[in-house]
Amino acid sequence: MPIIIDADVRVLKEREFHEQAEKVLGIVFDVHNQFGRLMNEESYKRIIQMRCEQIGMTPARREVEIIVRHNTFEKRYYIDLLLTNSLMMEAKTAEKLTKSHEAQTLHYLLLTEMQHGLLVNLRPKSVEKKYISTQLNLVKRRRVSLANVSWNPINEASNRLRTLIIDLLTDWGAFLSISLYREAIIHFFGGPEAVLRPVPIYDRNQPVGTQPFCLLADDTAFAVTALQSDRSAMQEHLRRLLSHTKLTCVQWINMHNHDIELRSLLQ
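The sequence shown begins at 1 in the working numbering and counts up by one.
Worth flagging that the hints you see were computed from the coordinates, not collected in a lab.
Quick caveat: nothing in here was measured; it's all calculated off a predicted structure.
Where is the CB? At the ideal position from N, CA and C, for every residue including glycine.
Treat the hints with care, since some could be wrong.
Distance windows between CB atoms, simulated [unchecked claim]:
#1 30 to 236: 46 to 56 Å
#2 234 to 8: 41 to 51 Å
#3 147 to 243: 16 to 26 Å
Turn these sequences into a full structure, and let the hints steer you where they fit.
Right under this line is the structure:
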């Protein structure tokens, strides 16, 4: 199985989710009122877990493991709290909730195929809460449109990259965190030591420093993005950077929802 969850997950309907979430939020607000806003994240989660158990919301588990696999690649994630095997809650102690917190929660929902999750922040004076929802499941996420936009497989490594992208999307589907796909590519091309390398930068043939690149081969870099807009601007800046190196090509993959674009930028 490409995605393994250490729980027998049950998917709640929206009404059921909100009924459960209101109970949990009552506990979260009580904990925040009684203990204040300055404790560490783990202590908050432990207290919330115990109080959920006391009102019968069991099992109440912390750090529930999700394993994402593809051949020899493996990545582990941990859900902050999973209650009754059906309500996921991510608990933060940040200045404020950010888009990255929301994206992390959505990422976990997609991996577990749950439709609704609760995100809370206990650091502010008043508890912040957000409901995160999705209608996507693995079947829907596997329906991708692959566009070879000026794609030029200049070497065997480029062919391998395209095949790997297709295999990962077939296994995991789209919409997941872009860093997951990037880490998998790095793994299958030899790991960080082989792939993440400093490349000399030149100004009028004079070396001025180095820039870290992800390399498929000595003369071929790759970039993975998840841009909805500003792709033209990204392409232009990738070209400018490429022109000040002795690399031949950047193989650029942009993954926006169902739309996957493979584009070759050549010197």
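Hints, verified against the model:
1. 30 to 236: 46 to 56 Å: The hint (46 to 56 Å, Cβ to Cβ) holds, given that residue 30 and residue 236 are roughly 53 Å apart.
2. 234 to 8: 41 to 51 Å: Because 42 Å falls inside the window, the suggested range holds.
3. 147 to 243: 16 to 26 Å: This hint holds: roughly 25 Å between Cβ atoms.
Hint compliance for this structure: every hint is met.
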